[in-house]
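Colleague: Please build the complete structure, drawing on both the sequences and the hints.
Read top to bottom, the protein sequences are chains A and B.
Mapping of the first sequence onto the UniProt record's numbering: position 401 corresponds to residue 401, and the numbering continues sequentially without gaps.
Mapping of the second sequence onto the UniProt record's numbering: position 310 corresponds to residue 310, and the numbering continues sequentially without gaps.
These are computed hints drawn from the structure, not numbers from a lab.
Among the hints, a few may not be true.
If chains are identical, the list can't say which one is meant, so a pair holds when it fits in one copy or spans any two.
[Stated by the list, open to error] The list that follows gives simulated cross-link-like pairs (lysine-lysine, DSS-like), each with its CA atoms no further than 25 Å apart: (1) LYS381 <-> LYS313; (2) LYS122 <-> LYS24; (3) LYS297 <-> LYS248; (4) LYS251 <-> LYS297; (5) LYS435 <-> LYS239; (6) LYS122 <-> LYS251; (7) LYS313 <-> LYS251.
For reference, the chains in residue letters:
Number of protein chains: 2
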Amino acid sequence: MAKAPVLTPQAEDFPRWYQDLINKAELADNGPVRGTMVIRPYGYGLWERMQQEMDARIKDAGAQNAYFPLFIPQSYLTREAEHVEGFAPELAVVTHGGGKELEEPVVVRPTSETIINDYFSKWVQSYRDLPLLINQWANVVRWEMRPRVFLRTSEFLWQEGHTAHATYEDARDYAARIHKDVYADFMINVLGIDVVLGRKTPKERFAGAINTLTLEGMMGDGKALQMGTSHELGTNFAKAFNTQYLSKDGKQELVWQTSWGVSTRMVGGLIMSHGDDNGLRVPPRLAHVQVVVMAIKGDEAVAKVRELGDRLKALGIRVQVDDRVDTPFGRRAVDWELKGVPVRVEIGPRDLEAGTAMLARRIPGGKEPVSIDALGELLPKVLEEDQAQLLRESRERRESRTSEVTTLEEAAEAATAGGWARIPWATLGAEGEAKLAEQAVSVRCLVAEDGSVPEADDAPGTVAIVARSY
Amino acid sequence: MAKAPVLTPQAEDFPRWYQDLINKAELADNGPVRGTMVIRPYGYGLWERMQQEMDARIKDAGAQNAYFPLFIPQSYLTREAEHVEGFAPELAVVTHGGGKELEEPVVVRPTSETIINDYFSKWVQSYRDLPLLINQWANVVRWEMRPRVFLRTSEFLWQEGHTAHATYEDARDYAARIHKDVYADFMINVLGIDVVLGRKTPKERFAGAINTLTLEGMMGDGKALQMGTSHELGTNFAKAFNTQYLSKDGKQELVWQTSWGVSTRMVGGLIMSHGDDNGLRVPPRLAHVQVVVMAIKGDEAVAKVRELGDRLKALGIRVQVDDRVDTPFGRRAVDWELKGVPVRVEIGPRDLEAGTAMLARRIPGGKEPVSIDALGELLPKVLEEDQAQLLRESRERRESRTSEVTTLEEAAEAATAGGWARIPWATLGAEGEAKLAEQAVSVRCLVAEDGSVPEADDAPGTVAIVARSY
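Modeller: Below, the structure written as structure tokens:
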């Protein structure tokens, strides 16, 4: 008798599968205020690991963490014209504080370019103060009409980097460095998602930027997810906030700026990239639980998994011990499978006699008996193999579901069929982009023929990647 | 000629000294919305280290991190009568979202007992789900009429733990465990502040708690600062949110709860405990910069400090290299002194010839030449000595400025003179407490004669610690 599926199968209803997985794997719940979410411990554990890995890379890139207030005077938002136009429809506004109506309403930060520039304009005096490289980990609020957990929520968690530089070139290079050495390195080598790096078209740029670099991942249903962005802001905010420095030549000059962010949306991307009909599959380098050591039943098995757990932890493996023998083993195994823990080591009375354990691998699937004593040596290899498999699957999916096309009609067809299309940007252009938008298809990014990021929208040979997206 | 002091001397004006230090050491700025603050990189580095140390201890105590929404429906707050009474005057209220007036206004969380209980009531079904041990790192908002950076701000950063237990005893023991093994251990052994552990009087309890445990530190001016609290909530929130579990006997029972928090206020406590007229002094175990290796001038010194910095980092010492030889050495030295970096290693051309460096110690003060080659061995010892000195000073201050008194008048006098008084609680009582309040003096906590935490307000031999406070 076939098991009833725990989740709606992906092929039947991908959005429903996504929601089922988030519920059953206990990743998150909807919050009481529409569009907000409660991130449950296992889901938050994924985000904490993302934070750790990203934070180390951000610090390696020279940026320091700081914290700016949640509340921004409404008047700040209006100083940069495009910026306010982009964010005004999404703002949450505080009108009362401490029992009184406020003289000036304050907005709950949707992003912090404005408030940060207010301080940069005080902190930056001379060229010696540049570059100024700041990052913050924070919550932000953008009122969301069509919320979906992790992907579009009225409140989400993110990091936002904000930097000021003496020259256009220095700012451009830093935005590119974050794009490549921080974001792409993390997404490819830790998340195991074979993202494409490109630049956004003028239509898709961040409100107030002169250039937006993006990382786009292909999800399990062939749609695209924008996983992160790094913006060149030019001198737009510097002009609005009068952020100037005294140059070596003794002149007052505007600073050149960047901003860049990734958010809890990446958790959604992780699920939709690697999940299957049995649940999530967490890449081992990311996993906060890489290995669960399970006692099937019996006191001896319980003692053994505790001891083995300690031994494997001492080797630097992130282990959880599951000794809840009062709960049926099958239910626990299904739960760990749903949660996507890469490896289960299962030990029962018969295994103990033989000195073996069952090694169950979530990513390639399958189970085999292995010597308990050999686990310390075996597990790191297995985890690295499984990490590589997820990235390979991600790349293969993207390659097999991306079509080279030459007309707008073909591009729209490929996208609506659940894939990506590559089309010369010179053929498509802003007009073609507008027509695709009528069919809910967008230009995800522009790339050069050799896969690099074009230096301008109109660089010869630029290719547009076209898809439906989240 | 004597140097002009960089800061207002403590003895002249302690509050002004505090504000001067925060500005000059670049720890924080006031935010544009009254009562909010910008935490600058060096100040945020202190908070990050607090987070790391606390987070490890919280996880050792079995709690898992999660994240609950910033926005709470206004109606939730009103469900627990004392709770809403306590927080109503401090709420920030969002009335508009996405360009429209909201049907129900939402409050920006002042604390999360209510919203968390809404989920606990869904997640907890049976005794098997208990204890449920959750923590979150988050920002909270309490509209502040008399703001002071780090100490009382309208928005602050904190961790808040929330737990549910099957029995009164289990909840009581867990609140005590957090109080002692997490908070006291961190504050005494990392912050180097000789806090007193006690219980709050009924008047000073958290709104909605049946018991509040507190940690009180004596600041440099003899006032008290509440550094953290751990609450037994009894079944108050469980009743309000119907948080029940099915017991082993098959009965529906209310859960017993705790909540506990520490915040960026600890940064203020750190400054006021250890700072002196030259600036901050950061305890080495906390410091994100334990040692700054400074080049005085010259290319060779620059090369040497870079190499030495790498070597010391490899030994696990948290080092910053200062090779900004374009900036006058004296100005840089004063800046590191202001910032309270425990040890400076200063290297110039003459030192290089001799193979020595000047070792400047911020905590005991003084400078001496040491062999560069011996630094790897010497520094860890010096750092531990200095850590111990700060704790010793903190203890000595508290002991020398605490009086044993027997009357309310003596208690008030000791407190207004800038010290603490110990008075039998049976002598003072709630009536005496109310009288002291008229002189802005409060009962900071109740302790047993042997220094332990009394099990009840009226336990025989209970002593009240009385002081002015921040």
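Colleague: Each hint needs a verdict: does it hold in this structure or not?
Modeller: Quick rundown of the hints versus the structure:
Proximity of LYS381 to LYS313 under the C-alpha cut-off of 25 Å is restricted to the intra-copy arrangement: shortest distance 16 Å within a copy versus 30 Å between copies. In this assembly of identical chains, the alpha carbons of LYS122 and LYS24 lie at most 25 Å apart only when taken from different copies (14 Å versus 49 Å within one copy). Taking identical chains as interchangeable, the C-alpha atoms of LYS297 and LYS248 lie at most 25 Å apart only when they sit on different chains, with a minimum of 21 Å there against 73 Å within one chain. With identical chains, the CA atoms of LYS251 and LYS297 are never at most 25 Å apart, being 76 Å at best within one copy and 28 Å at best between copies.
Proximity of LYS435 and LYS239 under a CA criterion of 25 Å is satisfied in neither setting, with 35 Å inside one chain copy and 57 Å between copies. Proximity of LYS122 and LYS251 under a CA criterion of 25 Å is satisfied intra-copy only: 17 Å inside one chain copy versus 63 Å between copies. When the C-alpha separation of LYS313 and LYS251 is checked against a cutoff of 25 Å, the pair qualifies neither within a copy, at 58 Å, nor between copies, at 39 Å.
In this structure, the hints that do not hold are numbers 4, 5 and 7, in rising order.
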